[in-house]
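Trainee: Chain order of the listed sequences is A and B.
Residue 17 in this note's numbering sits at position 17 of the first sequence; the count goes up by one each step and never skips.
Residue 27 in this note's numbering sits at position 27 of the second sequence; the count goes up by one each step and never skips.
You may find that some hints are simply not true.
From the structure, some residues in chain B lie toward chain A, with a derived Cβ separation under 10 Å [as the list claims (entries may be wrong)]:
hint: 1; residue: 613
hint: 2; residue: 614
hint: 3; residue: 617
hint: 4; residue: 631
hint: 5; residue: 635
hint: 6; residue: 638
hint: 7; residue: 642
Please keep in mind that the hints were generated in silico from the structure rather than gathered at the bench.
Remember, it's a predicted structure, so these values are computed and weren't measured experimentally.
Just so you know, even glycine gets a beta-carbon here, dropped at the ideal spot from N, CA and C.
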Amino acid sequence: MPIQYYITLSAILFCIGVTGVLTRRNAIIIFMCIELMLNSVNLLLVAFSKMPPVSKAVSAAATGADAQLFVFFIMVVAAAEVSVGLAIIVMMYRNVHSIDVNFLNRLKN
Amino acid sequence: MGQMNNLVYLVPLFPLLGFLVNGLFRNQLSKGLIGIIGSGSILLSFGVSIALFLQVKSGGAIPVHSLFTFIDVSPTFKIDFAFQVDQLSSLFLLVITGVGFLIHVYSTSYMHDEEVPHFARYFAYLNLFVFSMLLLVLGANYVIMFIGWEGVGLCSYLLIGFWFKNDNYNYAAKKAFIMNRIGDLGFLLAVFWLFEKLGTVNYSDVFANTNKLTQADITGITLLLFVGATGKSAQIPLYTWLPDAMAGPTPVSALIHAATMVTAGIYMIARSNILYTLAPFTQAVVAIIGLATAIFAASIALQQNDIKKVLAYSTVSQLGYMFLGLGVGSYTGAVFHVMTHAFFKACLFLGAGSVIHAMSGEQDIRKMGGLSKYMPITRITFLISCIAIAGIPPFAGFFSKDQILAAAKEVNPFFYYIGVGGALLTAFYMFRLYTMTFVGKFRGTHDQEHHLHESPMAITFPLIVLAILAAAGGLLGIPEAFAKNANWLESFLAPIFDGSTKLQKVHPSEGSNEIVLMAVTSVIIIAVSVWAYVKFKDYQTNEEEPTGFARILANKWYVDEIYDAVFVKPINAFAGFLKNVVEKSGIDGIVNGVGRLVQYSSRQMRLLQSGMVGSYILFMVLSIVVLFLIFWNQIQIVEFLQKVF
Chain A
1 MPIQYYITLS
11 AILFCIGVTG
21 VLTRRNAIII
31 FMCIELMLNS
41 VNLLLVAFSK
51 MPPVSKAVSA
61 AATGADAQLF
71 VFFIMVVAAA
81 EVSVGLAIIV
91 MMYRNVHSID
101 VNFLNRLKN
Chain B
1 MGQMNNLVYL
11 VPLFPLLGFL
21 VNGLFRNQLS
31 KGLIGIIGSG
41 SILLSFGVSI
51 ALFLQVKSGG
61 AIPVHSLFTF
71 IDVSPTFKID
81 FAFQVDQLSS
91 LFLLVITGVG
101 FLIHVYSTSY
111 MHDEEVPHFA
121 RYFAYLNLFV
131 FSMLLLVLGA
141 NYVIMFIGWE
151 GVGLCSYLLI
161 GFWFKNDNYN
171 YAAKKAFIMN
181 RIGDLGFLLA
191 VFWLFEKLGT
201 VNYSDVFANT
211 NKLTQADITG
221 ITLLLFVGAT
231 GKSAQIPLYT
241 WLPDAMAGPT
251 PVSALIHAAT
261 MVTAGIYMIA
271 RSNILYTLAP
281 FTQAVVAIIG
291 LATAIFAASI
301 ALQQNDIKKV
311 LAYSTVSQLG
321 YMFLGLGVGS
331 YTGAVFHVMT
341 HAFFKACLFL
351 GAGSVIHAMS
361 GEQDIRKMGG
371 LSKYMPITRI
381 TFLISCIAIA
391 GIPPFAGFFS
401 KDQILAAAKE
411 VNPFFYYIGV
421 GGALLTAFYM
431 FRLYTMTFVG
441 KFRGTHDQEH
451 HLHESPMAIT
461 FPLIVLAILA
471 AAGGLLGIPE
481 AFAKNANWLE
491 SFLAPIFDGS
501 TKLQKVHPSE
511 GSNEIVLMAV
521 TSVIIIAVSV
531 WAYVKFKDYQ
541 TNEEEPTGFA
551 RILANKWYVD
561 EIYDAVFVKP
571 INAFAGFLKN
581 VVEKSGIDGI
591 VNGVGRLVQY
601 SSRQMRLLQS
611 GMVGSYILFM
621 VLSIVVLFLI
631 FWNQIQIVEF
641 LQKVF
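Construct all of the structure, not just a fragment, from the sequences and the given hints.
Mentor: Next comes the structure, spelled out in structure tokens:
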């Protein structure tokens with residue numbers, strides 16, 4: 001499949017993620033949207049890793065390995081983030097009995 | 001002879017020490033001690049001055065003696081703190097310390113009612129004044145002269161405003177200081193100009209190198225120096241401070257505003273006589289201003305009723321004669337008149353002080369009269385001085401005024417006739433003053449009459465000494481017309497004015513003609529004096545306001561009002577405009593506007609801090625998009641995408 005499809009798909013996914021973060025108030029939905037953005041980037045990286053090298057100076061093997069390595073890093077970081085983030089949401093529910101982020105405005109005044 | 005060199009610095013040192021002791025320990029010393037320190041320091045100076053004078057008389061000028069280097073910035077800019085004692089300065093030293101000493105003695109009695117700290121302050125100022133005046137006269141270059149020049153201006157300010165609780169006196173002090181400063185600016189510019197052209201300000205170097213100056217330079221420098229002289233010596237247009245300076249204690253008026261400080265301008269021009277002789281245009285200006293001032297001030301004096309104001313305008317008028325003398329090249333005549341004027345004007349002022357003292361502070365001559373039977377010594381000395389200033393032979397004023405007028409006649413007969421006219425005015429207003437004060441019936445209150453008394457010894461002694469000098473001082477300069485080489489002063493000062501004499505055209509003096517003219521003018525002056533005496537002998541107080549021309553004279557030609565309208569009011573209005581419009585709307589507006597803008601914008605910006613997580617993220621995303629748009633061209637991925645799609 002041509003690389004353009006991958007790029008377009010991941011761009012669409014990323015935009016959905018951004019829109020979700022901006023428009024939704026439910027903390028879990030926001031969280032999911034963030035995951036969506038991270039994974040769209042992952043998708044892009046994997047797609048690029050399979051792409052033929054743009055310039056001859058860069059070897060194909062090295063390019064692909066780098067990109068895939070980054071995908072793993074992102075997965076690990078996302079997993080850590082999820083664990084912390086979910087913990088925060090749990091604590092939030094305990095304190096304000098809601099997971100609506102608009103309730104998190106106590107520092108305002 | 002060499003050892004006298006080292007004594008020169010003692011002359012100004014004693015008054016300086018007197019100033020420091022009286023000034024610093026004013027709360028500890030007793031009045032007697034203060035008086036002794038104040039007068040004694042001047043007496044010591046006087047002693048040294050006599051020694052210096054005798055040496056100069058026998059052995060000529062003492063070589064310039066440099067105490068230390070005053071300013072040393074580069075090889076080309078070096079000014080020594082040097083003293084020069086020659087015929088001219090030694091003569092001035094005698095007048096300053098001699099008359100100064102008498103006035104100090106007088107002050108010990110006159111100021112006795114002051115509290116001790118103020119008494120000490122008074123003597124400290126007086127000593128500081130004498131110190132400054134001595135610096136002015138002794139300096140061997142224009143910079144040292146300028147230090148003294150400023151110093152006497154300062155002391156004048158301090159002493160005019162001595163009774164500082166009276167606002168009017170403070171205004172008078174400020175007026176004197178500001179008027180003087182206007183003149184000082186001219187002096188300072190002249191010194192800069194000299195230094196720019198010649199690279200030196202030492203008298204000897206300047207006068208030796210006058211050929212390096214162009215005619216325009218010399219004219220400009222002398223005119224600027226003359227501006228300085230008009231300020232210090234109260235000439236048109238800067239004379240108005242001097243009559244107001246009468247706010248100070250009377251001995252101060254005698255010392256500063258009659259005998260010494262106001263003659264600084266004459267000393268300066270006499271010192272720079274070569275420059276002036278080389279600048280005929282400036283000489284003409286000096287002569288005309290001097291003559292105009294002499295007549296103008298004399299006309300004002302005719303209608304003044306304050307005993308000190310009459311004397312003040314008379315001083316301005318006499319200074320005008322001195323400038324006339326300088327302008328027509330009779331430098332000796334001007335210096336001669338400085339000396340005789342110092343004697344009789346100091347005597348007149350001190351006499352006026354004695355009268356004011358007896359009258360418990362009353363200065364209006366319309367309320368005096370008949371004082372001669374209460375104050376015989378004051379009356380006699382005052383009369384002698386009046387005769388001297390009026391120019392009746394053989395008293396001092398006759399000789400000095402005659403020498404100036406004779407020189408004026410040779411330059412321009414017109415000057416002579418106007419000058420004689422001024423002398424007649426002088427005779428009239430002086431005898432009006434004398435008659436209204438001492439002759440006729442007493443016109444004051446009963447209390448005042450009861451209190452009338454002759455002043456104590458400390459006041460009458462200086463009066464007597466000064467009256468003797470006023471009577472006999474003229475013998476120093478007997479005109480050539482009477483006897484050949486009888487003019488001692490002329491030959492004594494000859495070395496100073498040597499350079500100028502060579503440049504001046506020599507006029508053969510027509511002896512017989514001159515004597516006839518002298519006799520005629522003397523008879524007219526005596527006639528005018530007698531007329532004034534008769535006219536005011538039976539003066540009765542009348543409350544009528546003077547009308548017509550007399551009214552203009554009584555209001556001093558409205559010069560103060562004109563200055564007020566031309567200079568003071570516009571400057572005040574401009575200052576008011578700056579204060580109310582520029583300052584309040586402009587500068588305040590900018591400063592407050594900045595503050596208001598910050599406050600307003602922060603109030604608006606605060607609304608962004610809503611606490612809504614969603615809006616924060618929105619801003620974040622929008623910012624990223626904006627950044628992305630700004631750096632669109634620099635992001636390589638764009639090129640990549642363009643290649644791919």
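Trainee: Restraint: residue 617 of chain B near chain A, CB-CB cut 10 Å. Satisfied or not?
Mentor: 6 Å, holds
Trainee: Could you check if residue 614 of chain B really has its C-beta closer than 10 Å to a C-beta on chain A?
Mentor: 7 Å, holds
Trainee: Hold the hint about residue 613 of chain B up to the distance rule: shortest CB distance to chain A must be less than 10 Å.
Mentor: Nearest chain A Cβ about 4 Å off; hint holds.
Trainee: Is the shortest C-beta separation between residue 631 of chain B and chain A less than 10 Å?
Mentor: Since the shortest Cβ distance to chain A is 19 Å, the answer is violated.
Trainee: Would the stated hint for residue 638 of chain B survive a check requiring a Cβ distance to chain A of less than 10 Å?
Mentor: The hint is violated - residue 638 of chain B has no Cβ within 10 Å of chain A, the shortest such distance being about 13 Å.
Trainee: Mind checking the CB of residue 642 of chain B against every CB in chain A and telling me if the closest is under 10 Å?
Mentor: With a closest approach of 12 Å, the residue 642 of chain B hint is violated.
Trainee: Verify the interface restraint on residue 635 of chain B: the C-beta must sit less than 10 Å from at least one C-beta of chain A.
Mentor: Constraint on residue 635 of chain B not satisfied, violated at 15 Å.
Hint compliance for this structure: hints 4, 5, 6, 7 are not met, and every other hint is.
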